[in-house]
Every structure is written in structure tokens, then in C-alpha cells.
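Visitor: Could you slot chain B onto chain A? The hints should help.
Protein chains in written order, with our numbering: chain A, 3 to 344; chain B, 3 to 344.
Bear in mind the hints are in silico, worked out from the structure with no lab data behind them. Note that the Cβ used here is the ideal one computed from N, Cα and C, for glycine as well. Treat the hints with caution; some may be incorrect.
Here are the simulated DSS-like cross-link-like pairs (lysine-lysine), alpha carbons at most 30 Å apart as the crow flies [said to hold, decoys possible]:
no., chain 1, residue 1, chain 2, residue 2
1, A, LYS147, B, LYS310
2, B, LYS67, A, LYS277
3, B, LYS21, B, LYS67
4, B, LYS67, A, LYS149
5, B, LYS67, A, LYS147
6, B, LYS310, B, LYS116
7, A, LYS149, B, LYS147
8, A, LYS310, A, LYS149
9, B, LYS21, A, LYS277
10, B, LYS147, A, LYS67
11, B, LYS67, B, LYS116
12, A, LYS147, A, LYS21
13, A, LYS147, A, LYS310
14, B, LYS149, A, LYS277
15, A, LYS149, A, LYS277
16, B, LYS147, A, LYS277
17, B, LYS310, B, LYS147
18, B, LYS21, A, LYS67
19, A, LYS67, A, LYS21
20, B, LYS21, B, LYS149
21, A, LYS67, A, LYS116
22, A, LYS147, B, LYS147
23, A, LYS310, A, LYS116
A few chain A residues that face chain B, going by a derived Cβ cut-off under 10 Å, partial list only [said to hold, decoys possible]:
no., residue
24, ALA89
25, VAL245
26, LEU250
27, PRO268
28, THR280
29, GLY283
Quick look at which bits of chain B chain A covers, simulated, 3 or more residues with Cβ under 8 Å [what the hints assert, rightly or not]:
no., region
30, 274-280
31, 284-296
32, 333-340
There are 2 protein chains.
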Amino acid sequence: MPALPTSNRIVLASRPTGKPVSENFRREQEAVRDLAEGEVLLQILYLSLDPYMRGRMDDAKSYAKPVEINGVMEGGTVARVLRTRNAFFAPGDIVLSHSGWQSHAISNGSDLRKLDPNQAPLTTALGVLGMTGFTAYAGLRNIGKPKVGETVVVAAASGAVGSAVGQIARIFGARAVGIAGGREKCDYVRDELGFDAAIDHRSRDFATDLAAACSNGIDVYFENVGGDVWSAVYPLLNDFARVPVCGLIAHYNENRPAADGYDQLPAVMRSILRKSLTIRGFIQREFADQRPDFYREAGAWISEGRLKYREDIVEGLENAPDAFIGLLEGRNFGKLIVHVAS
Amino acid sequence: MPALPTSNRIVLASRPTGKPVSENFRREQEAVRDLAEGEVLLQILYLSLDPYMRGRMDDAKSYAKPVEINGVMEGGTVARVLRTRNAFFAPGDIVLSHSGWQSHAISNGSDLRKLDPNQAPLTTALGVLGMTGFTAYAGLRNIGKPKVGETVVVAAASGAVGSAVGQIARIFGARAVGIAGGREKCDYVRDELGFDAAIDHRSRDFATDLAAACSNGIDVYFENVGGDVWSAVYPLLNDFARVPVCGLIAHYNENRPAADGYDQLPAVMRSILRKSLTIRGFIQREFADQRPDFYREAGAWISEGRLKYREDIVEGLENAPDAFIGLLEGRNFGKLIVHVAS
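Looking at chain A on its own, in the form it has when it is part of the complex (with noise of 0.2 Å):
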């Protein structure tokens, strides 16, 4: 049997103020240890990269414990059973774990969940296949509840889960309005994804294309932005609209001073008053037991070519902070994907 392994990771060096900085994050090796009983040795293949990971990174109390200091950054991975010591894994086995931002990973096999390579390429997994899609999904199917002939609306449209958004939402009968930076991306969405509009955020007459896209107000707001992007939808909001608030990649950085010295709150609160709003933050796993239906779904989507994505692949482990920075500067086209080993 060949020496144990090196384990290449990145570490939270320290935790950011506003933006991540390259110095935030810190790499190191580490000897891999020999497994216990019941456990396997994982070499990680790929891994993604999600803006929930922002808030991971802050101390600040939610619905999960943040990466202590020096820990490794956590994250989805697809991983190859090298070793094993637990009779449910072979040697060569394709596993989706939550191993983050490193190159080896030792599991119980408690958290592991086999993939069939032939089914579906094995990044769909981290996408429109996991955590993703079943984000957009659940969120639509739960909270936004489109019906039939309904406006939809979501931003970062060309992204993993806004892609997923808007496509199942006209699956599901409703019109979808994505909203992207820059020309490139929305004539994707529209034209790619199919979208029934697609506006530019970085336009200076954004607001007025939105309201232009959306001449009967919106009905379905999924929330995945946050900031300007926010202030412009809510206004053309409609009565008993729903928003469903699965990410805020405008806020996660900023604590940031009233823009034209005005609270906002008052305004939206008495929104949500007025035309009987649900405004409903989510996360998937809330939803867990519609993981079934989701992946049968889904699958059934994108073989009937419905359901369409795009990915970002970035080669190397040691460029994963560099591309999650980037991710939430909007830098990212598609699904980002850090291909860590083959």
C-alpha cells in the first residue's frame, strides 16, 4: 500500500472585515493519519464555492456554527474513495461529502452520499443537481409558490441558483425576469436559459428597465442579492407577493451608511404592511425530505433539456480564494467549481 498522502488545505486565517482580502485565508499540509475502523480516506476531485460561505466566516450568530479560526473552509466536494476501512465503500466509490477547501478528507461515511458517474456529469452534483438547484427549487416550491401566468423575478440570474430559478419557474408556468451584470450575461439568460427578459443590473436606467419588464407588477421575488437590487424590486412588488430569501451577497461584505442618509426599513416595513408581503428567509436543508422529488424532478428536466446550466470551472485548490472572492464580486459566469484533482 502506497505512503499515506499529503492533505493540501486552506485555512481561515482570519476573519474579514467587509470584503474577503487573499490574507483572510491561509494554506497548509498536513500529513494525512491512518483511518480508524469504520472510516474512509477521500481524495476531493471538486469542490464548490457558494456565497453562503461569506457569512461561514463571520462570528456572527446563525443557522450554523461559523469556521473557527484556523480551521479548514468548509464547502460541498465530489471525492474518490482512496481508502477504506467501512464495508459501505469501495476503493474507486464516488462520494458527495462536505470535506471544504482541502485535497484529502477523512469520513465515518456518515455524511457521505454515492454518486453514479454515468448518470450525470459528476460536477451537477455541487449544481444544478445539489445543493443549488434543490435552493431554487425548494424555495419556489415552498415559499414562492408561483401560479400560472405569475411574474417571476430573481438576480444573478447567469448564477447556479438564479439560473435554476428562472427556469423552473417557467416550468412551473410563471414568467421569469432574470437580472444580470452586464450584456453578456443577460443575453445567456435569455437567450440560452430562455428567460422571458432579462435586465442589466449595471445599467443606469436599471430600475426603469425592471419596472418596463415587468408591467404587471411582480408577483415572486427570490432573494439571492440583496442591496440596490433589492431596493429596486420591492417597489413593484405586489399585493400578497412573495419573497423568498435564500442569500444576500450585497450584504454579506457591508455594513454600509444610509446612501442618500435615509433608513430604508421604515419604507419596506410599511411595504410589507401595506400590500400583505411574505418576506421568508430559507435555507434548503429546511426542506430536505423534498430531496427526492427534486432529484427525480430535476433530472427528468435537464434529460428533456428544460432545465439548462452553465459551470465555472477553476483548476487548483490554491486558487479557491482568489475564485470565492470573485464569486462575490459577481466575477464568476455559471456554477463555480474549483477542480481540485482528477
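Guide: Frame of chain A, contents of chain B only:
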């Protein structure tokens, strides 16, 4: 038959900017016209004054049409049938109507509900057994959904809605924490209404006192005031907390600069996301099909002494504007009702 009476009425003279002032109202007189077939002439006995009326004075988009300039201020009323050309109503019948701030009104009967003066004091139809009591009941039953042992917080706890919220929450098995302004109201909320705790929002230690009274966090916050109370409450909300929003007295009057230069909206949105909160605006008539349940249950709770109420009766229609202005400042103590005629 005696001559037709003259109707005294109070109309909206101008739209307020911020707090309403006396000059926004104007007293008028008008001769009552003859009845057409199917109509009844009502003499208003009691007029309900409620915070929602502030919203009707603006022309902003809302679930209800604004009062027009020179239009009679709207409001719920208890009235006596004076004359009738409608076979369903006899002279002397007592009815619940929505006749507004005036001494007489003509109705075709479709908006009237007959009241039994022997069953409960007439004024309760405007308060604990009327719209305000039903607002508390519907918001808790459909949105707040308190579980046994959970903590329910409500502001304006000595007021019409708040006092019912806390008592019904306790009937549902929850802990009730009330927020009120001043020692007298707090004593009433705790000692007379039986809330588990009462916190004075005028105290310098308000936020600390509130946190101490909610040592297990807050599971339901029944939002009927907004402003600084909401700012103190939302950091204490537990994961999956529910916030029915039925009123925002503090926001009806102001577009205010950010107190410390910071926009509070991002922090609230982060809380919604991190704690999977539900914020849901509502108006009681969404749940109109539950009114029969409410009349039956609340009637029983009142006769069992489990649901108490307090009324603040103002004499004379001409005093309605000042009383209403005081309501928005918290000067009333109990459900505010104007005694228009006997």
C-alpha cells in the same frame, strides 16, 4: 314624521406630511337627503378610531383606497336605524356599519351587521369583539402560530390589538411579553391582563429589559408599531420566528433619516436570512372566513374572564381629530372610541 336631520361630518381637508395636525381635518354640515327604496338612515352612536386611518390619509398605493380630499374620514361605527325603506331593518335596530366620521349616514344595508344589544356592550363590536380583536386572533392563528411554551412579544400592549394578542397568546399556551409606554400601562398589562412580563419602551434600559424578559429569545413578534421597538426586537428573534405585521404607528408619520447614519435594512435582511424568519404583512379581512370561529371563541373567552378589554371613550364627534392625533402618539389608554350620540 320629523324633519330630516342635519348630518355633522369631518372630512379630510388636506393630506398630512408626517404627523397629522388639526388643519388636515374640517368640520362640515349637510342636510340628509330622502331615502331611496332599499335604503336606511343611520344615526351613528359610536365611532372607532384606529391607527390604520393614518394610511388612508395618504395617496400611496395600499390595499385600500385613500380617503379623497374633502371626503368623509372613514371608520367603523355602531349605529341605530332611524328610518328605513329596507324590509330587513326596522327603526331602532342597532347595526355595525362602516359609516365614517359623521353623525348620520345612508346605507343600502349590504354593509350592515345587526348587533344584539343584550349580548355584549355595543362598543365591543368596535374593539375586542370587532376588527381589532379579530386582527389579533387572525394574525396569531394564521401567521404567528405560537406553540406551547414559546415567547410572544407585542407592542402597544395596553391597546386594542396588543392587549388581545397577549391574552390570546396565553390562551394558546405561549408566554406573553408586552411592551407599553409608561408605568401605569405596564402595570395594567401585567397585573390586569395577566401578561407574563411588561416592558416600558420609554425606559432608558428598554432593549436590555426586553432581552432579560425574553431569555429564551422571541418566537413570535406581533408587529403593530414599528420604529425603535422593531429595532430592539429583531436581534432577539429565534430561528424560524414569525412576525405578523398588522400596523406600524411609528412609520405612518415619518420618512426619517437614519438615526446613526446607517441604513438598518441590510441588517434586518441578514437576520431574515440567517434565522429563516417569516415576516408577513396582513389585514384581517384576508381571513374573513374565520370570523364565525372568532365570534364564538372570543365571546366565550370574554365571558370566562380570560379575555379582558379596556376602552377609552371620547365624548363628541368634534373631538375625533384630536383624539386620533393622540392615538398616533400613544396618548389613549385602551381601545379608542368616540361617543357620537346616545
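Visitor: State for each hint whether it applies.
Guide: Here's how the hints hold up against the structure:
1. For the hint pairing LYS147(A) with LYS310(B), the CA-to-CA distance comes to about 39 Å; that exceeds 30 Å, so the pair is violated.
2. In summary, the hint linking LYS67(B) to LYS277(A) is supported, as the alpha carbons are separated by about 12 Å, within the 30 Å threshold.
3. Only pairs whose Cα atoms come within 30 Å are accepted, and LYS21(B) paired with LYS67(B) is accepted, the gap being roughly 20 Å.
4. For the hint linking LYS67(B) to LYS149(A), the alpha-carbon distance of about 26 Å falls within 30 Å, and the restraint holds.
5. Of the supplied pair hints, the one linking LYS67(B) and LYS147(A) holds, its CA atoms being roughly 27 Å apart against a limit of 30 Å.
6. The suggested pairing of LYS310(B) with LYS116(B) holds, with an alpha-carbon distance near 23 Å, which does not exceed 30 Å.
7. Proximity of LYS149(A) to LYS147(B) is assessed by CA-CA distance (about 25 Å); at most 30 Å being required, the pair is judged to hold.
8. Using a Cα cut-off of 30 Å, the hinted pair LYS310(A) and LYS149(A) holds, with the two alpha carbons roughly 22 Å apart.
9. For the suggested pair LYS21(B) and LYS277(A), the alpha carbons sit about 22 Å apart, so the restraint of at most 30 Å is met.
10. This hinted pair checks out: LYS147(B) and LYS67(A) have alpha carbons roughly 27 Å apart, not beyond 30 Å.
11. A C-alpha spacing of about 26 Å is found between LYS67(B) and LYS116(B), which places the hinted pair at or below 30 Å, so the restraint holds.
12. Taking the CA atoms of LYS147(A) and LYS21(A), the gap is near 34 Å; set against the 30 Å cutoff, the hint is violated.
13. Pair hint LYS147(A) plus LYS310(A) holds up; C-alpha atoms about 21 Å apart against a cutoff of 30 Å.
14. As the CA atoms of LYS149(B) and LYS277(A) are separated by approximately 27 Å, the hinted pair is consistent with the 30 Å bound.
15. Proximity of LYS149(A) to LYS277(A) is assessed by CA-CA distance (about 18 Å); at most 30 Å being required, the pair is judged to hold.
16. Simply put, LYS147(B) and LYS277(A) have alpha-carbon atoms about 21 Å apart, close enough for the 30 Å limit, and the pair holds.
17. Simply put, LYS310(B) and LYS147(B) have alpha-carbon atoms about 21 Å apart, close enough for the 30 Å limit, and the pair holds.
18. For the hint linking LYS21(B) to LYS67(A), the alpha-carbon distance of about 45 Å lies beyond 30 Å, and the restraint is violated.
19. Note on LYS67(A) and LYS21(A): the hinted pairing holds, with a Cα-Cα distance of about 20 Å set against a maximum of 30 Å.
20. For the hint pairing LYS21(B) with LYS149(B), the CA-to-CA distance comes to about 38 Å; that exceeds 30 Å, so the pair is violated.
21. Pair hint LYS67(A) plus LYS116(A) holds up; C-alpha atoms about 26 Å apart against a cutoff of 30 Å.
22. Simply put, LYS147(A) and LYS147(B) have alpha-carbon atoms about 21 Å apart, close enough for the 30 Å limit, and the pair holds.
23. About 23 Å separates the Cα atoms of LYS310(A) and LYS116(A), which keeps this hinted pair within 30 Å; it holds.
24. Checking ALA89(A) against chain B: minimum C-beta separation of about 37 Å lies over 10 Å; hint violated.
25. About 9 Å separates the beta-carbon of VAL245(A) from the nearest beta-carbon of chain B, less than 10 Å, and the hint is met.
26. Given the 10 Å rule on beta carbons, the hint for LEU250(A) holds: about 6 Å separates it from the nearest Cβ of chain B.
27. Taking 10 Å as the C-beta contact cut-off toward chain B, the hint placing PRO268(A) at the interface holds, the least distance being around 4 Å.
28. With 10 Å as the threshold, the beta carbon of THR280(A) comes within range of chain B, its nearest partner Cβ sitting at about 5 Å, so the hint holds.
29. About 4 Å separates the beta-carbon of GLY283(A) from the nearest beta-carbon of chain B, less than 10 Å, and the hint is met.
30. Counting residues of the region 274-280 of chain B whose beta carbon lies closer than 8 Å to any beta carbon of chain A gives 7, which meets the minimum of three for the stated coverage.
31. Given as covered by chain A, the region 284-296 of chain B passes the check, having 3 residues with a CB less than 8 Å from a CB of that chain where 3 are the minimum.
32. For a cut-off of 8 Å, the count of residues in the region 333-340 of chain B with a CB near a CB of chain A stands at 0, and the three-residue condition is violated.
Going through the hint list in order, the structure does not satisfy hints 1, 12, 18, 20, 24 and 32.
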